[in-house]
Every structure is written in C-alpha cells, then in structure tokens.
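Student: Here is what each chain is made of, one letter per residue.
2 protein chains.
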Amino acid sequence: MHSQALLIEELRRITGGATVWSRAELGARDPGFDDRNFGAAALVRPRDTAGVAALVGFYAASGIELVPQGGRTGLAGGAATTREQIICDLGAMDRIEEIDPLARVAIVQAGTPLAVLQEAARAYGLDPGIDLAARGSCSIGGMISTNAGGIMAFRNGTMRHRLLGLEAVLPDGRVFGDLTRVLKTSAGYDLKQLFVGAEGTLGIVTRAAIRLDAMNGASATALVGISDAASAQRIAGHFLGQAATSLQAAEIMWRPFVSAMRRMLDYPPDLLPLDAPCLLVLELGADTQDAARAALENGLAEIWEKAGISDGLVATSLEQARMIWRLREETEMIERMHDHPPSFDVSVPAGMLDAYVARIENGLEALDAAWQPYVFGHLADGNLHISLNADGPLAPARYLAVEDVLYDGLRAAGGSFSAEHGVGLDKRGAYERHADPVKQDLARALKMLIDPQGLLNPGKIISRRRSSS
Amino acid sequence: MHSQALLIEELRRITGGATVWSRAELGARDPGFDDRNFGAAALVRPRDTAGVAALVGFYAASGIELVPQGGRTGLAGGAATTREQIICDLGAMDRIEEIDPLARVAIVQAGTPLAVLQEAARAYGLDPGIDLAARGSCSIGGMISTNAGGIMAFRNGTMRHRLLGLEAVLPDGRVFGDLTRVLKTSAGYDLKQLFVGAEGTLGIVTRAAIRLDAMNGASATALVGISDAASAQRIAGHFLGQAATSLQAAEIMWRPFVSAMRRMLDYPPDLLPLDAPCLLVLELGADTQDAARAALENGLAEIWEKAGISDGLVATSLEQARMIWRLREETEMIERMHDHPPSFDVSVPAGMLDAYVARIENGLEALDAAWQPYVFGHLADGNLHISLNADGPLAPARYLAVEDVLYDGLRAAGGSFSAEHGVGLDKRGAYERHADPVKQDLARALKMLIDPQGLLNPGKIISRRRSSS
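From first to last, the protein sequence lines are chains A and B. Per this note's numbering, the first sequence starts with residue 391, numbered consecutively. Per this note's numbering, the second sequence starts with residue 391, numbered consecutively.
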C-alpha cells in the first residue's frame, strides 16, 4: 500500500514532473458533472504521450487501476472512480498541434476542448463538423471515447466519421500510432476504430487527426410549432430536399420540456411562440444570411399546410436566434429543478418517434402517476434525450423498471439504448440486458485480449471479471 | 480427403440445397478480375444467412478453409483461392430486403450489386452516397469488406461511413447480428466496425443497413486542363466553398493516362481539350441542370487566372458528359494495353500530391528507363490509382523495388499504401513492411482471437501462422 505522499512522489517521478493532485486536493476541486469522478487516490496530468505511456507502463500488471478523464462532462459514469484508482487526466494535453488548411485536417491533443478546435478552425474558414451543447468543456479525446454525435451528426456523421487518425496508449504501455491524415485507407484491420466508443477501456487516446470542412456562407434559425414528430420530419425532409441550402440542425422538443425550460429561463409569455405540442428548431445554411432567412420563410410557407404547422418564427436577429437555442441547450436547468434526475439517451428509428414517445409517457405514468418525461433531441437522426421529472438516483429495482419502459423493443427495431452518452457504469445493466449476447461475448473477449489485467477504466461498459470464474 | 462428388453432395446437404459448382465447373466459368478466384475445390452459393452459418459451422475447426466472394472485382487478390479451399459465394443473397424512405435506410443482402441498390434507391429520390466505376458488378458485402471509397468519398465518407448496421457469420458459425438502423449508437464496443475492411477474414458479411441520402437537384460536368494537382486543388477548393452548389466529383488524370485512354477509346483529336499536363473532371450539383452548368461556367471563370487553367469545357449534353467520364472510368483499357499491369492504390496527403507524382516518376524511371506510371484518381481525398506501363506480374524483387518507390514515407506523412483496394494477398508484403508494427501485432492477435483455426479467408491481409511457432 502506498502512503499518499509516496504515491504523489512516485507519480511525479514516473511522468517527469507532471501535475499531481492528492486525494485531499481532489476533494476540494470541482469533479465536473459526476461526483464520483474525483473519488480516486490521486490525479496525474501528463504533459505528453510519453508521459501517459510511462504512467500506464509503470502500473501495467501491478494491480493499480487507471481511469482516463477528459472534460468530465460524461453522463453515464464513464469517468467515475473508486478509492484506490488513479486518474490519468488529459487536461495538460490541450494543444492543437497543427491545422492544415489545404488538406482540411487538424492534429489535436486529446485534452483539447471542442470549442477551442472550433475556434482555431474558424480562422481558416473551416469547421470540425461536429457540435454539441457541452462544446466549451468536452474534450476531443472524450468525444472519441464516447463516439459523440451532437447536433450535426445527421449531416456529417458522429465522431467516428470525423476521425482520420488516432494515437492511443495501450494497457501495456505501448503506443498505437495511426495518425493517418487521409480519408481513404483499407490497409488491414482499421484498429483505430476499436478506441472509438470504448470509453478508455482499451487504451487512452492521446492525439487525433480530425477532418475539417469548409464553412460555407451563413445560416438562419427558425422555431416552428407542430403537433408531432411526423410533422417535424415532413419539414426537415422538405429542407433536406433542397440543393441550394443545407440543413444544419433540426432539434425537436416536446411540450413538457419546453414548459419547464421557459419557466426556468424566465422567458416572458410573448417572447417566442411556444404553445404547440412539439417545437422544432431549424438552422438552415445558404450563401448569405438574407438568403438563408428567405429560404426558411419560403420553405416553411410551402410546407405550412402539408406539415400542419401551427406557429412559426424565423429569427430576425442574432439575439432572437440565441433565445431559441438557449431553450434547447441550457438543459442544466432540468438539473436545477430536480436533484440528479434520471436521464436517458436513446436512438429511435425514424418511423416510430411519435409512437415511442407516447409509449414511454404511458409506461412511466403506469409506474408512477406523477412521472412525466422531458423529451428533446436531434430529430433527423432520431436521437432523443429523456429526463424524468423526479429526483435521483432511483432505487435499483425502480431504475430497472424505468429502463425497461425506455429500452424494450428498441434493439429489435434497429434503435439503440445509448445513442451518444456511452455505457459507463450507469448503463451497464441496460447493456447486459439489451445488447446482443454474441456482441457481448466478443466484447468481453476483446477486453481480455487487449487488457488482460483489467487495469484500464475497469468495470466500465463490461463488468469486472467474476473472481470465481 | 473428399472426392469431388461426395463434397458436392455434402455442400448441398449442409446448405439445404444451395447451388454448388464443382472444380470442373469452376474451370469453365469466368473468375472475374483475378484468375486465382476460381482455383478452389468447389463453390457454394447459400440462399440466406442460415445457409452461410450452416456452411461455416459445419467446417469450423475441421481444417476446411472457406473463401467468401462477392462481385469478384477486387484488385488485391482478396478472393484468391487454393486447391483445397471452398468458395462461399454471396451471389444468391442479392435482394434489397427493404427501403425505408422516411428513415433513409436500405436493408441489403451482401451479394447485391451497388448499381442495383443505386437504382432501387433512386425510385425514392434517394442515393447510397457512394459510387465507383465497378458499380455494376461489385457487391455491397465486398464493398464493406474492403471499406470501398470511390468518387464521392470526399463528401460522404467511405463505406464505413455509409454503414449503419451489419450482420455477419463468425468463424465458429454464430451470427453477429447488429442491423442497427440509426446513425448514433454508443452502446458498447461497436464491433461491426471489425468487419469493415477485414476482407472476410473475421466473418462473412451477410446483410447490411446502408444509409441513404436525399438526391437533390441535378448536376453538370466539366473538364479542365491545368498544369498540376495544386491548381486542381485550388479549383476544387473554390467550388467546395460555395453554399448553393455541391461538388460531387473531382477526378484528376495525368497526361500519360489521358494519352493512353484517348488512343484506346479512339477519340478524334478535337473531341475534347486533352492537351494539358493534368486534367480535372468536375461534377457539380445544383437545383437544376442549367443552374449547375451556369455555376460551373461562372466558377471556372472566377478562378481561371488564379488557378492557371489552360483549357476548360462545361459539357452541354449528356453525351458530352459521358465522353468525359468514359475517359476516367474505362480503365480496363489499360489492361488491354498491357498484360496484368502492376497496379497500385495509394492515399497521398493533400499538400504533397505533385511532389509525390514527380518522385514516383523519377523513381520508376531509375528502375527501368522505359517505365512510366499511369496516374489518375480522386483529387479531393488524395486517392491516386497508379498502373505501370509494363506487363505483370513482375519478378518478386522487382515488384518490391516498385513498392518501395511508391510507399516509402507515405505512412510517416499520414497517407496509406492501400486506399480502397485492401491488402488481400498482393499487398501483404507492403503491409508487413509499411504498416505500424504495433498495429500488426494487434491485428494478428485479433485474428487469432476470432478465428483461432484460421479457416476464414486464411492468408489474406495477415500471413498464415508459421507452423514452427
């Protein structure tokens, strides 16, 4: 057993003088979204890949477990720690090493926040093509490790599709170096894919080559009231069918979410038309902002009757657009209304969105007459975020019953019980009950192959090996 | 040892009456691009996933090796066979099981040719977003197994990015079933990615869920003469920066390729302006064909001086556009000029295209004063196809020397020695000499984990295990 002082000294020595926080210091710091993030013996913040590799290599096979952390914005307990674990914090690896404007590629260290990359790319008229509400805090490495999706995934794909190359430290301390900068490679198994969505259980992502897109023209924002998701899909489909504009966001919110948000944001009654059963936020790109606004107005007029639009507003100022987006994005308001409200993140196939929402409303009400879900999310890829109007955590059996309401039948229909938040600790039960058994077998074998000692973020996604087996 | 008659009977019995071809029948059939494809003991064509699973399960651990085959258009020997192997042909699984126009998803059997999917999707105003010259023959399963890219990859990604879900038969006969229909899933290791680009060595892909995009407007074609790839990149960049149009293809051809093609296609001297050192084929989409033509004309005029354009033609008829595209796509002409010309397929980072072409021209000339490469390919993702003006196959040492000229330094620069053709048998030497050793170690361990008996497409990508080890 290490004493704290010896451990701190050891960590500094291994990593060549990296910043180290003791257990006491961790207790005094902000653990991010999840209180369990800072329950570890210590945190160490290596300055480069060699530092991460030295750390991992030193503890390999020693029984000391490591938990990699990025922006600590994860929502599934993927960065949670236990008392004897050591946190490998990527926060000191936060540099953009290179932006190549001709090749439209950025070489980025894993601890870089998304917003920093977005801003650096913007200086070249480029954009990483991925965006989410936690942009200011979430790190590129964390986004790779959960295969983050966000607002523009329906157009540009998820993090997996924005990733050209990747460097990661394996559980034995070796460096897997594949900083490919080209899109096309079919040169043997593309093993960098293993680390995407693996939540740090197979290796610690240290650097990445990210694809950038040309930023074209300008965009405009609209808020549309409709009766259901089917209407919203007709509207999104109308704009997706236009060649001269590009739909950049189609975010849907159901009434209970909108009502809660307007109250918490203290929006005056006539600020925005918010009375419909469903609201759709559209962001449309075109050559100029005037062209984008005109295309939104004309497009909505064309489809008004057919889509059953009850209300619509094209923002005429940046401030008005910001008000619309705050309604969708400042979801920490829900956490202010309820203490740790149980939250979920599903992908629902396009044809069953309305039926799904009706089914879970009924199912949750059957469990508790006071329960109602706040539902909002990304219309065009069917990714719904769901929070319960209740304090958490729920008792295990109760939580299980809620999960069954939300997840039953999703896989058979081609959906997913975790769209972009990962499995971590909190959805491991769902994983074990709702993921394909053959896939689970293969995943366990893969974890055993690459991390036979189970020292890298153990217990996340896959349960620890049973000691009796 | 089976006699042929017993083997044929056994194969029919296992697969529930599937079509079976004997060795003699194989000898009388067209083996596709590669003569080695039909050197096997027999070919069996299961009708469904259960038939494939029964076949694989029956021979698991028995020492009988299986080689999966799709459209047999592969260019790296990935479908080559030896005398005792059995071909599992996916040609009878060629149905599009479903197209969901709302979700924009197709559920496709692995043997379906790309062109069949393209045509079926077009009836709904949709498109699979991937296209390549072998569209009429190449199968969806084969495209997944080589992570095919083609003409539109720079916009829409490679096959990996078009794939939502996948079903595959594992080497032990179990079915890995992950026919997810949604884009966003972060529900544990995304193991379907393992089968993408694995060339049938980890499992036999049987069905897939493919993403479809809305087909917008119309397009127009231009042929532009420039002095080098840097000029071509300025032109492509100009069109990529426009919001109201979408660049759908940017194909580059160097003069020796163009000269050979115009001669073989017997194009009269004044048919097309073909005299520049480099030619660029552009396909631009817009709301209407007139708008696309006008945007091409205006865009080229705007960038004419800056990009150093020497010649330019916007096609005014479909026939003229077809003439331009034949020049780029009918590359079997090169095979008529030379007997099995050695061919290569590299990804070159954007900044070094011209230097790369100059370097390989010099390097090849140094090996043989008569050697000159035909170079053509996909400008916007740096994917160059290269054929040598010589008969093949070359003597092994000679081939190695050519590979060194073509591949040295590519990985360090972030490129790839195999962009979209895979490794198969023919690039295994390159893989062993040019792929990251840590990646090769992991790949070998993964193959051992999933196919411990080495019965699925053995020797492709990864060498057979040495019997002495």
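Bear in mind the hints are in silico, worked out from the structure with no lab data behind them. As the structure is a computational prediction, the values presented were derived from the model and not from experiment. Keep in mind that the hints are not guaranteed to be accurate.
No copy is singled out in the list; a pair is fine if it fits within one copy or between any two copies.
What the hints assert, rightly or not - As a list, the in silico EDC-like pairs of lysine to aspartate or glutamate whose alpha-carbon atoms are at most 20 Å apart: (1) Lys829 with Asp562; (2) Lys696 with Asp744; (3) Lys696 with Asp618; (4) Lys696 with Glu400.
Student: The structure should be examined with respect to each hint, and the outcome stated for every one.
Tutor: Tested hints:
Taking identical chains as interchangeable, the C-alpha atoms of Lys829 and Asp562 lie at most 20 Å apart only when they sit on different chains, with a minimum of 14 Å there against 25 Å within one chain. Taking the shortest Cα distances, Lys696 and Asp744 sit within 20 Å of each other inside one copy (18 Å), while across copies they are farther apart (53 Å). Proximity of Lys696 to Asp618 under the C-alpha cut-off of 20 Å is restricted to the intra-copy arrangement: shortest distance 13 Å within a copy versus 51 Å between copies. When the C-alpha separation of Lys696 and Glu400 is checked against a cutoff of 20 Å, the pair qualifies neither within a copy, at 68 Å, nor between copies, at 59 Å.
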